[in-house]
Each structure stands twice: as C-alpha cells, then as structure tokens.
Amino acid sequence: MVSRRTPVLAAAALLALAALTLAAVAWGSVHIPVRALAAAVAGHGDPTTVAIVRTLRLPRVTLALLVGAALGMSGGALQATLRNALAEPYLLGVSGGAAVGAVLATVAGLRGPFMLPLAAFGGAVVAIVAALLVSRAAGGRADPRVLLMAGVIIGAFANAAIMLVLAGAPADTVRGAVWWMMGSVAGADWRGVAAMGAYLAVGGALLLVWAREIDILALGVEPAAALGVDVERSARRVYLVSALLAAATVAAAGLVGFVGLIVPHLVRGAGVRRHRALLGGAAVAGAALVVGADLIARVARPPMDLPLGAVTAVLGVPFFLVQLRRLR
Amino acid sequence: MITFEHLVVEYPRAARAALDDVSLEAARGAFTAVVGPNGSGKSTLVRALLSTPGAMMRAGVVRVDGRPVRALPRRELARRVAVVPQREDIVFPLPVGEYVALGRFPHTGAWRAANVADERAVAQALERAGVAALRERSTAELSGGEWQRVRIARALAQGGEALVLDEPTTFLDVAHEMAVFELCSALAASGVAVLVVSHQLNLVARFAHRLVLLDRGRVAAHGAPADVMRADVLEPVYGWPLVVTHDPAVGAPALVPLRRTSA
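Protein sequences appear in the order of chains S and C.
Taking numbering that gives the first Met the number 0, the leading residue of the first sequence gets 0, the next gets one more, and so forth.
Taking numbering that gives the first Met the number 0, the leading residue of the second sequence gets 0, the next gets one more, and so forth.
Careful: at least some of the hints might be erroneous.
Unchecked claim - One side of the interface only, derived from the structure: several residues of chain S facing chain C at Cβ under 7 Å:
no., residue
1, Arg211
2, Ile215
3, Gly219
4, Pro222
5, Ala224
6, Ala225
7, Leu226
8, Gly270
9, Arg272
10, Pro301
What the hints contain is simulated information worked out from the structure, not anything from laboratory work.
Just so it is clear, CB atoms sit at the ideal spot from N, CA and C, and this is done for glycine as well.
Starting from the given sequences, assemble the full structure and let the hints guide the process.
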C-alpha cells in the first residue's frame, strides 16, 4: 500500500535536489551563470570556468550528493534493523574505527589523497568486524541490543585510543585529525567520486532489494521469524552493508554527522513507512542535506570552509525538531 | 496440521531441558490449548516451531502438514502457519492497514506487487478480527485490546491453515478476552488448526477441544478439558491447593484456587 501522496512527495524532493545541485555548482567564490554551466560541463567556453566547474565544483558537489545519499540509506536501514530510533550509520564502531585508522595514518606521516581514505576505511572495517564478533561471542546473535552495545563499546575504545595517540602528537597533526573528524568534501576528485559511486550503487541497490525484509525485521525477532524471515542472516547482511556504506563515506569525506540519524526521521515524518520508499527518500533527502550543507560551508565565510559535519547538524536539527512531534 | 514429536529443546546454560520428550498435535478443525505454569515450556514450543535463534533443538521433530519445519523454506512455513508471538512492540509506528498488509510478506516476497488477492486477504483479515474501522489509525494510538486484535489480523492475513497464538489474552479485559477466544473457535470451526498457549485455564476449558498440560518441560496430562481439568491433575503441577467445580452458567469445568490460610 503506497499512500497517494508518495509520488507527489518523491517528485517534489527530486526537483528540490536538482535545483539545489544546480545552485551548488553555480555558486561559490566565483559565480557561474546557470546559462554558462552546461557549456562549462561540456568543456566549452572560458577555460578558467571550465576548470572550476569540471575539476573543483562538479566532483565536490557530486561527492556531497553521494555521501549524503549513502548516509541517509545506511541510517534508515540500521534504525529499522536495530529497532532503535537513535541508531545511525557510525554506530557499529564505524566512526571510531575510521578515526583510529586516519589518526594512525596521519601520525605515521601517510597523508596523501590515497593513503588516508584507505587507512580510514580499513579502520572502519576492523571496527565493524570487531563489533559483529563481540556481539556474536556475547551470544546475542539475533538480539540487536547486544550488537548496539558492542558498537558503542568499540567506539568508546577507539576514542580512547585516539586520545592516547594524539596526546603525544605535534599540534598540526592534532589539528589535521580534528578537522578530518569534522568532515569535508573539499578535497574531492573524480577518483574519489567513482569509488564512492561504486559503493553506493552496490550497497544502495542491495538495501533496496532487501527493503521488504527490513520492513519485517523492524517488527522484532519473533514476529519477523513468524513472517518467514531468517532473522539472523537477514539482519547480519543489512548491518554489514549499511556499515560498509558508512565506512565508504568516512573514507571519502571524514565524519559527516547527524545526516544518517536525522534524515530517516525526516522521511518518516513525511508519512513514508515502508522501507523501499523510505530508503529511496532517505537517499534523496540525505543528498540534499549534504549538498546544501556543503554549499553553506563554502559560501558562508569565504575563503574559509566551515566544518561540514557541523553545518549538517545546524541545518538538520531544526527540521528534526519540527518533525519530532509527527513521528507517531 | 502441526505435530510436535518427541521434542527435546534446551537453552544454553539452563539446568534442565525446556522441553523434554514432548509430543502433541494441533489438528485441522480443532482448537488445541497448551496450558501449564510459568516456565513449563509453553512458549518454547512456539520457538521450536519457528526455529527462533537461542533455543537449541536436541531431538525430535516439528512437522507441518507432515513435513519437518527444518526442511521447509521459511516463507513456505509462514504461508502454512501464522504465529502471533507473546510480545511485540512497534518501534516505528505505521497505519494499521499497512501493518496488517505485512502479513502478506510470505506471499509477495521481495518484489511481487500486492495484487487483488493480497488486498482481499488484508481486508478480510481486518474484518474478521473486528479491526476494519482502525485501518487508517497508527499502531501507536491503539489500546491493548485493539493492538492484540490487530496482531491477530496480521496473522489472519497470512492466510495459512494453522494459527498459533501465544498468550493472546494477556492484558485484555473480559469482553476482549472472550472476543479473541470466540474468534479462535470460529476459525477452528472453519477448518483451521488453532493452537493457543494460555494461562486462562477456565477460558480454554470452555473453548478448546483438547488441552495439553505441560509441567517442567514434560506433558503432565492431555485430553478433553474434563480429563485435564481435575484437581488431582492440576494441584501437583501448579503446587497450589485448588478445587475444580462446574461453571453454573455453562457447565464447563472451572478451577478455583484456594487460600492457603482459611480466611
């Protein structure tokens, strides 16, 4: 059963995202008229404009779009499967693990555009696997609460490890690490966009395929088993794919907080309950939130960039508060 | 038809088996009730049927229509047997109509769109459970009795030929309790195999065709209500002095627990 409002909402959201994306490519320290955009994208016209659009703005906006979509979907899937309204993509140790990886790489002097994301991704994967193994060893194979606790504990351990490592590090290393933890798509290039795009295409598609199972998993272990879902297997693969999506965003853009927590609630607040529509909606809304937040981060106080994770929170929280009373 | 044959189920770190050589059957067209004290293994029967993680089946077999449930694909099992588990709380509320429609998952799977048959099954289930008027309401706004009937509607939407209810009348007042048992009775009369786990001895004695009394994981007694509802059978199992009389209005056996100190 799809509400009659859903197609209208979907069309409106997609239009809004398209307009926002256009604005984000056009706007910045150099303003590019919308008329010149299409030519610049195609490689025609003023070479500076072409360079700005093709090597700076487009990859940056595209990465913001992909990161937002991935975080929205990951958060939506995890909230339902863990049956927790406070669940978010970084929960299963992803943020802590990625941060440890990034900090270790920074301290070891491995900074390049290739090594840092790789180290962050590696750290996130280690943390996800650790969280899943810990919850399994604790005997909570089908109990999401045990996995939640395992994720929180791994995250706390990672934070402690970061502080221990940073305590002895030089000031600029600390500053670099802290900036990374606030999230940014400023350094986007096409290679990063392609990697993130590949992760989102595969991970997002899998979550959409599993969306009806996610509807059922959200009912709890026994009702889901009664409706013919292999709870343990289904939940585990949703955790894994959602966490890997989050890990990919962390590698691409650092920690962009609040998107995965807030966006699914925004979509639910619009009356969408089934997860195929909800995850699709969360992808669009997440993309819009991160593209919009990055636009503000760029243009608010030029030439400085504001930390993206902070802007997403400042933008998202008021929306969230308005929706809070509509969640029931 | 559901049959449990010589079932032995254990939980990790438990001192004794939760079910120890338990056999019983829920036949089509019959209302079978499983009764027994807390911890006697009633809910474990339901978990064994669903192969819920946590409970370990050591021996025996659960069959549905003659086929072992372990050999049935899960969705196939869900198409044949609908189960209403003891507890269920909704974290993300949804309209009652959409919730009941989730009962069609075993039929639609991941992709097939809901068709006319699915919609008819949902509408009939809502009607039959007496919750059609609640269709647009959110599950968050329901009373305990309404929620219980909505859950039964979801199970009815599954459309199987067997229905298992685990403590369906907990938290329900007299009228709602009776309504649930009347519904079970009507379903049994229409050919469904109804298996109810319940603490309400006096109620099941009036409605069920067969009672199975569990005691610490074993079958202590089974048979027609009159054969199980006897003081010499029930007193040792419940460990409490009681008498069994006959309900003056309908003549069914009725259990009256006694005060230990005569007041």
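Hint by hint, here is what the structure shows:
no.	hint	verdict
1	Arg211	5 Å, holds
2	Ile215	6 Å, holds
3	Gly219	6 Å, holds
4	Pro222	5 Å, holds
5	Ala224	4 Å, holds
6	Ala225	4 Å, holds
7	Leu226	5 Å, holds
8	Gly270	9 Å, violated
9	Arg272	4 Å, holds
10	Pro301	41 Å, violated
Checked against the numbered hints above, the structure violates hints 8, 10; every other hint is satisfied.
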